[in-house]
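**Q** Spelled out, the chains give:
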Amino acid sequence: MQLFPCPFCGPRDETEFHYGGDAGNARPDGADVPIDRWADYLYLRTNPKGTAREIWVHMNCGEFFVMERDTVTHKVLSSAALGGEHVA
Amino acid sequence: MTASRLATGGSAIDRSRLIRFSFDGTTVQGFAGDTIASALLAGDVAVVGRSFKYHRPRGIWGAGVEEPNALVDIGGSRATPNTRATTEPARDGLVAKSVNATPSALADRNAFLDRFARFIPAAFYYKTFMWPDWHRFEPRIRAMAGLGTVDADWTSPGMADQINHHCDVLVVGAGPAGLAAARLASGAGLTVTLVDDQQSPGGSLGHRAAEIDGKPAAVWVKETIAGLAAGGHLILPSTTAFGIYDHNLVGLNQRHLDGRPDTLWRVRPRQIVLATGAIERPLPFANNDLPGIMSADAALAYLRRHAVLVGRRIIVAANNDSAYEVAGALAEVGAEVRLVDIRRDGTPAAAANVRLIKGRSLASASGKLRVDGVTLDDGTRFDADCVVVSGGWTPTIHLFGQAKGKLAWSDARAAFLPGEPVGGIAVVGAAAGAVSLSEVFAGVEKAFAGKENAATPRSTGPEATDGILPAWPMPGSKGRIWIDYQNDVTVKDVELAARENFVSVEHLKRYTTLGMATDQGKTSNLPGLALMAGITGRTVPEVGTTTYRPPFTPVPLASFAGARVGELMAPVRRLPLENVHRASGAVFQEYGGWLRPAHYGGNADAERSIADEARRARQSVALFDGSTLGKIEVIGPQAAAFVDFLYYNTMSTLKPGRCRYGFMLSENGVVFDDGVLVRLDEHRFIVSCSSSHVAAVHARLEEWRQDRFGRSAVYIHNATPDMATLTVSGPNARKLLEKLHLGLSLDDADLPHMAIGHGTYAGDEVRIARVSFTGDRSYEISIRADHAEPLWAHLREAGQALDAIVIGLEALMILRAEKGFIVIGKDTDGTTLPHDLGVHGPRAKRKTEFVGRRSLFTEEASRDNRMQLVGLAVPQGEAPLPTGAHGIKRIDGRLRSQGFVTSSYQSPTLGRPVALGLIERGATRHGETIDIQYLGKISKATITAPCAFDPAGDRLHA
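Sequences listed follow chains W and A, in order.
FYI, the numbering for the first sequence is 1 to 88, going by UniProt numbering.
FYI, the numbering for the second sequence is 1 to 958, going by UniProt numbering.
It is worth saying that the hints were derived from the structure and are not from the lab.
Please note: incorrect hints may appear among the correct ones.
Okay, derived cross-link-like pairs now, BS3-like style, lysine-lysine, Cα gap no bigger than 30 Å in a straight line [unchecked claim]:
id : chain 1 : residue 1 : chain 2 : residue 2
1  : A       : 889       : A       : 845
2  : W       : 75        : A       : 406
3  : A       : 404       : W       : 49
4  : A       : 446       : W       : 75
5  : A       : 97        : A       : 404
6  : W       : 75        : A       : 451
7  : A       : 127       : A       : 492
8  : A       : 127       : A       : 404
9  : A       : 215       : A       : 492
10 : A       : 847       : A       : 889
11 : A       : 358       : A       : 478
12 : A       : 826       : A       : 940
13 : A       : 889       : A       : 826
14 : W       : 49        : A       : 406
15 : W       : 75        : A       : 404
16 : A       : 492       : A       : 478
17 : W       : 49        : W       : 75
18 : A       : 368       : A       : 655
Per label pair, the in silico range of CB-to-CB distance [unchecked claim]:
id : chain 1 : residue 1 : chain 2 : residue 2 : range
19 : A       : 607       : W       : 8         : 49 to 57 Å
20 : W       : 11        : A       : 571       : 44 to 52 Å
21 : A       : 159       : W       : 37        : 49 to 57 Å
22 : W       : 30        : A       : 717       : 30 to 38 Å
Computed from a predicted model, the values in this text were never measured in an experiment.
Note that CB positions come from ideal geometry on N, CA and C, so glycine has one too.
Construct the complete structure from the given sequences, taking the supplied hints into account.
**A** Here it is as structure tokens:
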């Protein structure tokens, strides 16, 4: 069981967290955003091997945060409070 | 009688406490401290089980967790199938039965199968039972193969405890290496947890000659343990570390000898020390699976721990030095011992009363139900009633492997040893390939303490040596040579796999089932790999090992389940007034994770109760517990902009004190939730979301708050559990409410539909929202949950004069369906967009951004044949449509769906069925009659507007 560092609560078991998507997936605003751009925002995921920047939420406290981790070794590299990840 | 209990000795047994238990229906005697296996050996029970496939007779092989043969089903209150007799303590009254044998291991009626063995090699069933159909053979084959049986009627005596534990150092294994490591850690001021799967600590020191720091090993073990205990360290005997998981979480399963369920420990140590020892391997020779052929180290353990002498005329066969002590010990207590060593040179001296035969190996063993002799490779034959073998030692590196540790092959040890270190894990002792105690202690000092340490124990007695000359199974060998005893895999099976190109180690394993039995190949994997290497001309490391996965030994499911059994497996959320409703005859059901009254009036004639409730609700006044309704507060300077962004509908134009119904969409435009938004004041809103959606809506609000709006702009508080919400609905709702004197004006001018008011009840503030899910005038009264009971009682009492009726969720579903009010997820699916439900305004007019906006303008969203919400009316006199029935049409003579029924009820008020559905182009087809199909039967329905009752909405104000 992995230990994820919630920026609010500290290290906690991974079962207390939900995955929230890629970090840095900026949301294009507007009714006339090019449809390909919108489709990328909705569905295109990077699924990297190695370092990944991801949004997670600690269900116990409700804190959303950005965590960098290695998808191969499961090493957690950093975590920081969320803010502006979806803002284009 | 050949195996027997000696008159004296046995460090583990207490001769003053006699134990009797049953094995295969016969009584076996033993002493306290015996395992089932040691007691069976003492009673000279040679055949203790039958093999998986060929039903070959099998005897006890080992004295520990690696045991492949001696599996028993334990009966009674602690029933457990496939228990290793070598680790299960014998106790009075225990009932044990051999596995895969009918009626007993000795007289198994399927023993004839062994005569057909040549026709049923590895994978035979893949090839044999193809025609006409595998499934015709499967039941009989499955019944014949297999090991223990599960007692389906058995229930656990209790819940298993689960304990989360933290320590500086977790030491796995309390043998010499583990004890030394624990002592060094303790001396360094670290907190230590020491676990060992045996009942008493010491590991190999329990039966191997040793002297440490000038003391007999047993004394040193006792003193070391006493020192650790005095230091406040946690010592867990009878506890197996079965797995290392991500980020070095270690799973322990602790057995309790008093019959309590096992305890699961989840340990997060800063440092793990694996002192897990090594497991002795068999030697390859024909019929090496006969009862009476066993591990040499196990024979020594039974002798010194349990005072059991395993035979009178014993052949010791070895390829390394460790069997010499065994041979000497067996001879010393009177057995006639011949030691056959495959090595010609470099052997240690054998004891004087042991007849040493050098440079020879066993070619075969003979015997029917137990071994009666052996033939050497030069043709010499010896009679024997027991053969003890040592084919070398396999370090127990399972946990290291689970932690993704890479293994390194050692030619000197003829085994895989831990390779590159894994962070936070040190491997010491025999598990790291150490042989002598001096090596063990030096290794502990180096790997764990990092430098020379005065507290490191010193070996002052005899030192073990190895000198192994590998003796792997060879291709082309004569006779049937067993590699995997439990799954009946022989040399010929591995050769067959190689011939058919299953040469990869993972393929070999799955094709032959080598190492896939309950023992997970603890004795068989390495010989199997070495044989495959020999067949394919590779080295053992080139063949490699299969992946190590938890658990190291079987763990009861009860340990993993812990308290998550029965009702606690998926706990329901409960209403504050649950007991009050029960007293009123409520029948409860789970709705979206909440346990709620489905209807009242008990279980008898539920349908009539529901219809009564729905009818009478329209006649006078109904009371309903709506406490599950979401109440999420959105507060802050950006609150209005925030709800505008989250809702499909513009919400910032809402006036304080007013409510508005709206949708929340997902980013793909699909309707995610619906409900009423209340604006309390300029900067404070309450999101009333669907009962089952509270957590999801809350999480969604938090994400947008934290990411897009900022933590200081909006604050969100989920007040759902804080408040109970009691709903009063019906033509006489206001009359009933007036009787409560809530301290606010109920005039429609002051509290119109879709407005909120504030009052007090018995000193508590109450919030009254005039919103309606029934279509009738309704008031939702919210009060702090722990004070809701008097208010509910008051409503009921005051309602008597008005013929008030308490209704459950089923009646409410009828009322809302009469009105065409939807339930998200029931009347919508994962494609439903807001305009499919007839709410076009925001899509057409909104200029500001909101979640899901862009998705409402795609080609897909603009299709003219989208499924749209409609009402469905059936011809007069017909029964309600089945929910889920499809609207159908014919295209080129073939049936096609054009939508489906989402909600359907008999309306007691209208005296006819009402239904809602999603039908292609439905909004423009009102009045059209379509075919509805359900389970092959076709009926008619006419498309209507969703609302079937009071379409003008007059009753909201009546």
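**Q** None of the hints should be skipped; say for each whether it holds.
**A** Right, here's what the structure says about each hint:
| no. | hint | result |
| --- | --- | --- |
| 1 | A:889 - A:845 | violated (35 Å) |
| 2 | W:75 - A:406 | holds (17 Å) |
| 3 | A:404 - W:49 | holds (17 Å) |
| 4 | A:446 - W:75 | holds (27 Å) |
| 5 | A:97 - A:404 | violated (38 Å) |
| 6 | W:75 - A:451 | holds (29 Å) |
| 7 | A:127 - A:492 | holds (17 Å) |
| 8 | A:127 - A:404 | violated (36 Å) |
| 9 | A:215 - A:492 | violated (50 Å) |
| 10 | A:847 - A:889 | violated (39 Å) |
| 11 | A:358 - A:478 | holds (22 Å) |
| 12 | A:826 - A:940 | holds (22 Å) |
| 13 | A:889 - A:826 | holds (23 Å) |
| 14 | W:49 - A:406 | holds (20 Å) |
| 15 | W:75 - A:404 | holds (13 Å) |
| 16 | A:492 - A:478 | holds (10 Å) |
| 17 | W:49 - W:75 | holds (13 Å) |
| 18 | A:368 - A:655 | violated (94 Å) |
| 19 | A:607 - W:8: 49 to 57 Å | holds (50 Å) |
| 20 | W:11 - A:571: 44 to 52 Å | violated (26 Å) |
| 21 | A:159 - W:37: 49 to 57 Å | holds (53 Å) |
| 22 | W:30 - A:717: 30 to 38 Å | holds (31 Å) |
Hint check: violations occur at hints 1, 5, 8, 9, 10, 18, 20; the rest are consistent with the structure.
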